[in-house]
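Single-letter residue listing:
Number of protein chains: 2
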Amino acid sequence: MSRIYNFSAGPSMLPLEVLEQCAAEMTDYKGSGMSVMEMSHRSPVYDAIIKETEADFRKLMNIPDNYKVLFLQGGASTQFAAVPLNLMKTGKADYVVSGQFSKKAFKEAQKYGDAKCIASSEDRTFAYIPEITPDMVREDADYVHVCYNNTIFGTKYPEVPNVGDKVLVADMSSCITSEPVDVTKFGCIYAGAQKNMAPAGLTVVIIREDLLGTEKEFTPVMLNYKEMAENDSMYNTPPCYAIYVAGLVYKWALKNGGLEAMKKRNEEKAAILYDYIDSSKLFKATADKKCRSMMNVCFVTGDADLDKKFCKEAEAAGLSNLKGHRSVGGMRASIYNAMPKEGVEALVAFMKKFEAENA
Amino acid sequence: MSRIYNFSAGPSMLPLEVLEQCAAEMTDYKGSGMSVMEMSHRSPVYDAIIKETEADFRKLMNIPDNYKVLFLQGGASTQFAAVPLNLMKTGKADYVVSGQFSKKAFKEAQKYGDAKCIASSEDRTFAYIPEITPDMVREDADYVHVCYNNTIFGTKYPEVPNVGDKVLVADMSSCITSEPVDVTKFGCIYAGAQKNMAPAGLTVVIIREDLLGTEKEFTPVMLNYKEMAENDSMYNTPPCYAIYVAGLVYKWALKNGGLEAMKKRNEEKAAILYDYIDSSKLFKATADKKCRSMMNVCFVTGDADLDKKFCKEAEAAGLSNLKGHRSVGGMRASIYNAMPKEGVEALVAFMKKFEAENA
Numbered sequence: 001m002s003r004i005y006n007f008s009a010g011p012s013m014l015p016l017e018v019l020e021q022c023a024a025e026m027t028d029y030k031g032s033g034m035s036v037m038e039m040s041h042r043s044p045v046y047d048a049i050i051k052e053t054e055a056d057f058r059k060l061m062n063i064p065d066n067y068k069v070l071f072l073q074g075g076a077s078t079q080f081a082a083v084p085l086n087l088m089k090t091g092k093a094d095y096v097v098s099g100q101f102s103k104k105a106f107k108e109a110q111k112y113g114d115a116k117c118i119a120s121s122e123d124r125t126f127a128y129i130p131e132i133t134p135d136m137v138r139e140d141a142d143y144v145h146v147c148y149n150n151t152i153f154g155t156k157y158p159e160v161p162n163v164g165d166k167v168l169v170a171d172m173s174s175c176i177t178s179e180p181v182d183v184t185k186f187g188c189i190y191a192g193a194q195k196n197m198a199p200a201g202l203t204v205v206i207i208r209e210d211l212l213g214t215e216k217e218f219t220p221v222m223l224n225y226k227e228m229a230e231n232d233s234m235y236n237t238p239p240c241y242a243i244y245v246a247g248l249v250y251k252w253a254l255k256n257g258g259l260e261a262m263k264k265r266n267e268e269k270a271a272i273l274y275d276y277i278d279s280s281k282l283f284k285a286t287a288d289k290k291c292r293s294m295m296n297v298c299f300v301t302g303d304a305d306l307d308k309k310f311c312k313e314a315e316a317a318g319l320s321n322l323k324g325h326r327s328v329g330g331m332r333a334s335i336y337n338a339m340p341k342e343g344v345e346a347l348v349a350f351m352k353k354f355e356a357e358n359a
Numbered sequence: 001m002s003r004i005y006n007f008s009a010g011p012s013m014l015p016l017e018v019l020e021q022c023a024a025e026m027t028d029y030k031g032s033g034m035s036v037m038e039m040s041h042r043s044p045v046y047d048a049i050i051k052e053t054e055a056d057f058r059k060l061m062n063i064p065d066n067y068k069v070l071f072l073q074g075g076a077s078t079q080f081a082a083v084p085l086n087l088m089k090t091g092k093a094d095y096v097v098s099g100q101f102s103k104k105a106f107k108e109a110q111k112y113g114d115a116k117c118i119a120s121s122e123d124r125t126f127a128y129i130p131e132i133t134p135d136m137v138r139e140d141a142d143y144v145h146v147c148y149n150n151t152i153f154g155t156k157y158p159e160v161p162n163v164g165d166k167v168l169v170a171d172m173s174s175c176i177t178s179e180p181v182d183v184t185k186f187g188c189i190y191a192g193a194q195k196n197m198a199p200a201g202l203t204v205v206i207i208r209e210d211l212l213g214t215e216k217e218f219t220p221v222m223l224n225y226k227e228m229a230e231n232d233s234m235y236n237t238p239p240c241y242a243i244y245v246a247g248l249v250y251k252w253a254l255k256n257g258g259l260e261a262m263k264k265r266n267e268e269k270a271a272i273l274y275d276y277i278d279s280s281k282l283f284k285a286t287a288d289k290k291c292r293s294m295m296n297v298c299f300v301t302g303d304a305d306l307d308k309k310f311c312k313e314a315e316a317a318g319l320s321n322l323k324g325h326r327s328v329g330g331m332r333a334s335i336y337n338a339m340p341k342e343g344v345e346a347l348v349a350f351m352k353k354f355e356a357e358n359a
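Line by line, the protein sequences give chains A and B. Residue 1 is where the first sequence starts when you use our numbering, and the numbers rise one by one after that. Residue 1 is where the second sequence starts when you use our numbering, and the numbers rise one by one after that.
Treat the hints with care, since some could be wrong.
You can't tell identical chains apart in this list, so a pair holds if it fits in one copy or across any two.
For lysine to aspartate or glutamate, the following EDC-like pairs were computed, each having C-alpha atoms within a straight-line distance of at most 20 Å [unchecked claim]:
id, residue 1, residue 2
1, Lys30, Glu20
2, Lys255, Glu20
3, Lys30, Asp114
4, Lys281, Asp305
5, Lys89, Asp114
6, Lys104, Glu227
7, Lys107, Glu122
8, Lys185, Asp135
9, Lys251, Glu20
10, Lys353, Glu227
No lab work stands behind these hints: they were computed from the structure.
Just need the whole structure built from these sequences, with the hints factored in.
Structure representation (structure tokens):
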């Protein structure tokens with residue numbers, strides 16, 4: 001077996017030991033005589049799995065007791081509707097547009113009420129995070145929505161935006177569990193699991209309990225946070241296997257020092273890459289320095305043909321999925337928790353060689 | 001390893017050879033150096049997987065070209081909202097209530113328009129399928145909705161209901177791919193995959209193309225059939241791994257003779273069980289004979305304590321998850337495609353022994 005370094009923006013690398021455990025337990029989970037894929041979600045053996053997964057996630061993220069954790073389906077794009085359907089109780093919400101996904105979230109919210117874009121960084125192709133101050137937020141807005149890390153453009157909020165006493169809602173799909181986050185500063189955090197936590201098909205929602213119960217009448221039951229919370233994410237069959245894998249990934253993260261340690265590792269990895277890019281005469285980072293993402297490192301040569309050559313040769317060298325998103329081109333190295341430091345070092349070594357050959 | 005016979009109503013048994021292939025390919029899918037869980041859904045290697053899965057599903061179900069196949073998330077319960085949101089174009093729809101899930105579908109539809117229950121079997125705890133004739137359907141109804149196999153009550157439509165020229169919509173979660181179905185008689189078929197096709201977290205929708213494009217304005221984008229069809233189920237990241245497993249299951253079914261052969265196997269299995277129950281003095285089947293499900297065989301002793309004893313002793317004998325749904329009690333043996341005939345024979349042998357011991 002020869003594993004490659006996979007820089008995909010998502011779905012993306014999982015820890016090898018997690019995959020090995022999945023394989024080992026595939027036909028018989030801990031003597032149950034069944035695969036986790038085959039278990040009734042209401043059986044005691046599965047109940048223990050989902051409960052332990054939630055407990056580990058709470059421990060990892062330091063989630064206070066007055067927040068519910070929901071294991072849902074449909075990806076962040078489903079949450080783009082669920083958030084306004086549940087939280088736009090008086091009909092107004094403010095959105096910060098810092099990339100393609102926050103733009104989609106903003107567009108979706110307009111179906112359900114008066115959604116306003118209070119700040120955008122589209123003027124410079126989302127190369128930065130707009131500054132947010134409490135006075136920008138409408139007094140009667142129900143919440144402020146942000147996308148905390150922008151996967152396509154490689155930017156991240158340098159700190160939690162100050163929205164005064166407003167409810168802050170954050171899409172953290174591409175940075176969740178990459179570093180500690182003060183959950184109490186948010187009313188709702190949601191994330192597709194397929195970047196840092198699990199295979200695609202699981203969406204995690206963390207929501208403050210007092211925000212439950214204000215959904216619109218025509219909210220589909222499966223998008224109703226209160227209903228999902230009251231049923232412990234089991235109104236119907238949850239994505240059982242993805243939850244099991246998430247549980248293994250949480251255990252891996254806890255065993256490896258939790259989110260403080262993840263942050264340290266991720267900072268080191270990002271520094272190796274950004275430091276080289278900043279010193280390079282061929283490559284240039286596209287995001288403003290103070291808003292750079294630790295998870296998605298975007299860069300270009302400035303020559304589309306050379307970018308293409310780079311991605312092709314990198315692929316052949318076992319450095320996979322480095323092509324930037326089709327909307328921006330260039331290159332993107334997604335270096336989530338499961339990407340080892342060795343992968344980033346191998347990438348930089350390859351970049352140096354490529355630079356020398358293409359000077 | 002000792003595999004048990006798992007009679008769970010869903011998630012449920014998968015073919016052992018499929019699980020073994022999942023395990024073998026877990027850390028390196030066909031020399032890609034990646035798990036299927038780690039692949040970008042837009043990569044060539046994954047594109048081949050989803051395309052082949054769809055092609056095999058179309059072949060297996062004999063789906064005509066004027067029907068789209070969608071690989072979605074959220075389970076049938078999400079479709080309970082999606083169906084009226086997309087298909088209730090003039091605002092009226094007729095529902096047949098033949099069990100708990102069709103009741104939930106009917107309730108959900110009432111959020112979006114004038115949904116009418118045109119027939120119900122609730123008077124006898126859903127022990128039968130109500131008869132449907134075209135004159136029962138409202139002239140201006142947009143569609144008629146049925147649940148084709150009722151998992152909890154063990155009933156199935158003996159034939160496709162005659163709704164005249166109306167669009168027929170069917171929830172086939174617990175019988176899809178168990179036997180051939182004439183897709184052309186339906187406008188829309190949907191199914192959660194976790195019973196006969198894949199792990200939980202995948203929902204398959206088969207929809208006639210001319211029915212696309214009449215969704216309500218406030219339909220969440222992820223519940224919009226047209227949007228999903230135009231994006232080949234990749235508006236966002238689909239449940240990639242569950243789709244891969246479904247693909248392996250479809251290949252297994254095709255290799256084993258397709259749906260005609262599945263039907264034969266399933267009829268045989270069901271006959272072994274029903275024939276014994278009908279001859280038994282202890283056990284009694286709960287569904288009316290002409291509406292009996294081939295997939296979910298429900299039976300009772302008539303004594304709740306004895307039912308409990310039966311389930312407990314069966315569990316200890318490696319015959320798992322035979323307890324009936326909490327809403328009806330008794331026993332239920334779910335014998336989907338992946339349950340081998342040997343499993344049913346082992347169950348009947350155990351039932352005979354139990355009957356002798358508890359005469």
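Violated hints, by number in ascending order, as checked against the structure: Violated hints: 3, 10; rest satisfied.
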